[in-house]
Every structure is written in C-alpha cells, then in structure tokens.
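For the record, the sequence lines run as chains A and B. Quick note: the first sequence uses the numbering used here, first residue 1, plus one each step. Quick note: the second sequence uses the numbering used here, first residue 1, plus one each step.
These are computed hints drawn from the structure, not numbers from a lab. Some hints could be false.
[Said to hold, decoys possible] Output of the computed footprint for chain A on chain B, the stretches with three or more beta carbons under 8 Å from beta carbons of chain A: (1) 245-251; (2) 310-324.
[Stated by the list, open to error] Covered by chain B, per the in silico footprint, the following chain A stretches (three or more residues, Cβ under 8 Å): (3) 35-43; (4) 283-297; (5) 308-317; (6) 350-358; (7) 374-383.
Given the structure is predicted, the values throughout are model-derived calculations rather than measurements. Backbone N, C-alpha and C fix where the C-beta goes; we use that ideal spot for every residue, glycine too.
There are 2 protein chains.
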Amino acid sequence: MYLRILQRHIRRGRLHVHLPDGVYSFGDGEPEAHWFIRDRGTLVRILLDPGLELGETYMNGGWHAGDGGLAPLLEILLRNFSRFGGKISRWFAPLWRLARQWNRIGRSYRNVARHYDLDEWLFRHFLDRDLQYSCAYFATPGMSLEDAQRAKCRHLMGKLLLEPGQRVLDIGSGWGGLALFLAEHAGVHVTGLTLSREQLRVATDRARERGLLGRVEFLLADYREHTGHYDRIVSVGMFEHVGAPYHRRFMQRVSELLLPDGVAVVHTIGRSGPPTATNAWIHRHIFPGGYIPALSELSRALEPESLMICDLESLRLHYAFTLEEWLRRFLACRDAVAARMGERFCRMWEFYLAVCAAAFRWSDLLVFQLQLAHHHQVVPITRDYLYRPVAVSAGERGRRSAPG
Amino acid sequence: MYLRILQRHIRRGRLHVHLPDGVYSFGDGEPEAHWFIRDRGTLVRILLDPGLELGETYMNGGWHAGDGGLAPLLEILLRNFSRFGGKISRWFAPLWRLARQWNRIGRSYRNVARHYDLDEWLFRHFLDRDLQYSCAYFATPGMSLEDAQRAKCRHLMGKLLLEPGQRVLDIGSGWGGLALFLAEHAGVHVTGLTLSREQLRVATDRARERGLLGRVEFLLADYREHTGHYDRIVSVGMFEHVGAPYHRRFMQRVSELLLPDGVAVVHTIGRSGPPTATNAWIHRHIFPGGYIPALSELSRALEPESLMICDLESLRLHYAFTLEEWLRRFLACRDAVAARMGERFCRMWEFYLAVCAAAFRWSDLLVFQLQLAHHHQVVPITRDYLYRPVAVSAGERGRRSAPG
C-alpha cells in the first residue's frame, strides 16, 4: 500500500528504495537517488507524517542516502510531495501558530538559548570566518562564502543609506558580524540586540579585539524591551523568530524606534506561496517558536504602521547556495563534531542543513529584504544608487559610495 | 462650528479661507494657500463628506484656489485630514468594494468606455507624444516627460528579460506605446489587449504607420476572455481597474497564460498603508469600478498561484511628477479644452489631475512593479542586470543589453 503512495507521487527524478526485502524503483529522469531504509515500519512512519518523521527517523538512524548524499534524495521528495504536505499543514496552520509561537519575552529568551547558546565551537566549524549565520549574497557567480557574506553586508549597507555618525540599531545581532562591519565601513555607532548570552559574549569580545567598543555595543535585550531612537534600523534573520502573533508588534517597534527621517531594512526568510505552518521537525529540534512569513502576512503587519515600503528584494537561491556551503563545511569536520556533540546531534545538524538547502532550491522559500521609511523623501526614487560600480580593491575595502 | 474643525485639524501649512463674510486663517508654516469659497453651505458640504464633495463642489464652481493653484491648497488639506478620512472610509471599505467593483466582463467594457473612449484629442493635449497614460520613470532628475516615459518602457523591458522572437502579451495596452516600443527595441511579437474601441483604433493605426502590423496586434478583449500561451506578460496601469473581487482571477489568468519559463511584470498603483475604499469622487467621475490595492491584497491574490515574486519595486513620487506635468500641459491648453468639452469637464479634469498628484506626494500612494515567474531559475538572482551602464545615444536608442 505505502509503496503505491510512492508510485503515485514520484514523477520527477528516479528513486530507488532499498528495503530489507528488496529494491523498489519509482519515477524517471534526473536526479537519481538511493534511499536505504532499515525496515518497513520506518517507511510507514515517514509516509504518515513526513514533515516530522523524515527528520526523526534520520536522526535515529532509520535510513540513510546513497553515495550522492542527502541532496538528490531530498530533491526528489520535495519536488514530488510538496503540494501534498503543503495542503495538509495549511489546514492546521492557524491553530499550530497560536500554540507554538506565543513567544512572550521569557519564552523568546528560552527559544534562543536552545539554538544560539550551543557551543560557539560548532558554529565556527561550518559558518564563514565572520560567523554570519544568515543568507549570504552571491553578487557574482562562484563567489566564496566569505566574500558573499561581506557582499551581503555591503548590500545592506547600501540599502541603509548610512552617513557617518548615525546611530544604528541591529535587532538580532548574532555574533556581531554585521554590526562590526557597519561601524568599520560606514563610521556609524551600532547598538546590537541579542537574546543569546553566548552571542553577547563572543560579539563583545570581537568588538574589543578590533578596538570598536566605543562605537559598537551589544545588549542582551528583546526588541519589545529596548527603547531609544535610531537613524537606521537593521534586522537580519530575526523576523523568522518573532512568530506570527507578534508580527504586528515587531513592525510597531521598528516604527517607534525609527526617527522620522530614518531608514529600516528587514531581511527575513519568507515564502512566495500562501501562509503555512512551520515544519514540525524544524520546530521541534532547530527553531522552537519560529515561523516563516508569507508576503501577505509581512505586509499586513506593516500596513497599519506609518512605514512605507521603499523596496522589496526577493533573494532567491542565495540561501540554497549558503546552506549547501555550510553543509559542505560541516561534513568536512563531521568526525570532530561527532566526537564532541555525539552522533545523533550530528545527524540532526546534517539533516537540518540539507533539508533547508533543498527547500530553498525546490520549494517556495526565499529571502525578503524590505526597505522601509516613514515618508517618501528619505530613499532615492530609483535604485541606481545600489548598483553604481564601486572600485572593489580586494574584498573588504569595497565601500559603496553614498547615494545621490 | 465647522470653522472649529479646520482650526483643530490644520497643523501643517497656513490656510486662509475666504468666505463672503471675511477671511479666516488657520495653521502655520509652509505652504501657504488661499481658499475662496462661495458660501458657508459649500464649506459645510465639503466638511461633511470631503472625499466626494471637495471634487463635486469644485466642478460646480463652488470654490477656487488662490494664485498658487490647487497644489498648495490640496497639500494642506491632504496632509492635515488624511488620517481622519482614512479611518472613516476604511470602515466601509468591504461593502463599497463589493458593490462598486463587481466588474463582470460587460461592466468592465462599460467602465473603460466611460474613461478611455473619451476623445483621443483630449489625451493628445496633456499626455506625452507617445500617449503613455501611466506613471513614467524619472531615471534622472529633471528628465522630460517624453524621456521618462521612454525610460519606463526601457525599465520594463529590462525586467521582462526579452529575447528576440518571443511572444509577449500586454494586458491593458492603451494607445499601444509600450507594445510598439517592445516590438521595435526587443524584436518580440506583442499582442495587446484593450477594452476601449477608441484605443484599439488609435493603436492599430500607429502600428500600421510604423510598419509593425506583422509583429504587433491589438485586440478588443478582456483578460478573462483571452486564451493563449506567452513567453512574457506585461500589464501596466490595468490592475487598478480589475477591482478587489477579481484580484485572484487576474493573477490566475497571468499564471495560466504564462509559459513555464515565462516572466511577467505587473505595474500597478498601490498603497503602502492598509486597504481602503476608492475615493468616492474618483469612482463617480474618473474610474468607475477602479480600486487601488494594498500590498497585502496584491500578495494574497498572488500566493495561491504558482508564481514567485522575483522583485517588487516601489516607485514613489514618480507618479506625482508625471501627474504634475500632465496638469501643467493640460492647463496650458485649458481654453481649447473648455471650448470643446465645456467648462465643467475642464474643472473636473483639472481637479482629477491635481488631487491625484497631491495624493502621490502626500499620502501613501505609490506604484508597485511586480516581477513574477513560475520558478527560481528564470530571473537572475541579483538585480545588477537592470542597472548595467548602457550607452544612451540620444534618448530612444538607449537599448538595455540582455541580462547575463
């Protein structure tokens, strides 16, 4: 019966399912993938609740992929099953959302601790040297991850229209990479907010090492607690943690914290299709309280505020490239991670990176960069200023000129 | 009493109200405007229902502006009363929408006839030479309207990623300006749809004159009636006429008419704030059945379709510049228009252009350019291709190079 489900759904790509009693092949064309499953019970669990059980069973050693790794297997599963899963999860989305994303401040701290207070050691082993834990910007084909993360910072710096001496708020400052970049390259004063004690410690150490403590400060604070007024606000890879019940509140805080002539840039994972629930496995193991907004949700949260949408860039595939490189780096040091964090953690992390990479390639996931201002006069009326040729002298120095 | 309403609301700018019994001044600062009102009854009518009566009483000669023209007066009224009016109209928005925008195909033809079947002579007197009746793109400051309309066509051409020989559908082709431009500059075959017999006649004549009849055809057809498959779809200034009840249907048709590797660009007036009803006066006299969508409405209509948002440009102020120039040109030939169409028509048209210009400067109105595709691989992953320097040799020839 369950084999018939595979038969009915697999249309794109060729999948060979290896079960104890034999090999069953489905579909046609590219890619081709082998799926080694321990027993029929595991396959049944996956088919009954793929969103949760594909990851659960992988973590527990219930299956593994062929020599090509997880990517071609996940491609086949995602491309042939996404509609099916999407419909079911959409049905339950409103209920799930309320229960799971009721991210009061205390819970937000706990959610963040779960993921970001993990040993810094781990992140140093798969992120770029600057510890940028968000979608990079591959400005030119074949760019290294290091360069693409710097290009992301430069792209954001352009959209922020910074002037020296301005005060910038970075909501969700991570290990401080962007804040340090902006302070160094644009001569601004940056306040970074994080809920992770581990990130706070690392970011503050890095600011001290680079002699930037006078111009960059990091605080352990929630966006709802922090007060002040800023010329610029930037938030990268944080809105995904806000949760649907707090989307309005987040935009309200951005509007309140931003001075009348200010500019804000919000960089967040989004989906091009309709709202749907967070993947159950991701929610359980990786990002508790997280939620990926559709554009209709983002805009509904934004519209009651006096914030104008000055630009919306839709970064497609950049996160797939980023995650694929993270996975490659992670696999390169897999033995060391397994020795320190255990085999089950390793399998969890590998699946997390691989399934997210596949989702950014084959589903409707992308990254939205929203540029916001209180009125028409702040941001130039064409986007040319973002694309003026700059004299890029060896990576880091490619400082974008101020807009006209 | 009604003077106290003005006193309470006017905070920005200084307004002198001239009534038969004297002059009353309110507010402070810039701009300064004089408002000559025939009698107190007219002022009361306006205050009771400003959205409708400001225009009605102007058409009927109930008031006129001082030497500075309508612009400073409308600026003061819009900036000081927009919140108030916005709230009230939002309250009734859902009801109005259903009744007024139930644009079945037959009604759409009649709506269009009301506005666009007006004498071509009129449009020739205030539009640019190419008869582009939509927001221009002021690529550089101080550009002429003629150049800005061509720059708009080039900008759209860039976003459409055209290749010679492709089949392009232009939904709402007007007097044919964009279709002819694309056929001439990109070597594509364009089918333009309009519901206006007058536009069809003029556009077809122009295609014949330029020897393009083999590559451009114009049809009298509704987007719901037309069938076919196109490499590219473009729709400029048409979505505003679709009406909220048909937003989903429009996006569905775009998705169906677009080939799997296709690209679509939808250019529409939008609002940055929350959904609100069409202005009552505009609806009665200018655009029956029209509705300006908020981004949340646009995206909700789009999300169920298999169309990805590849880019969303928010063109702010460009339509203010366009309308201000249209108004200037209109006023330059006001006597001739009055002789042919009558004084009341003249006052209506003047108020229409002036109030829309003011709205694009001082309210949350803007123009959205949405670029859509069925999958990730069609549109380049950075927007550099739109901003590569081109050798612009005397206006028209500045053909943008194909993207990489």
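### Task
Mind listing which of the numbered hints don't hold for this structure, in increasing order?
Violated: hints 1, 3 and 6.
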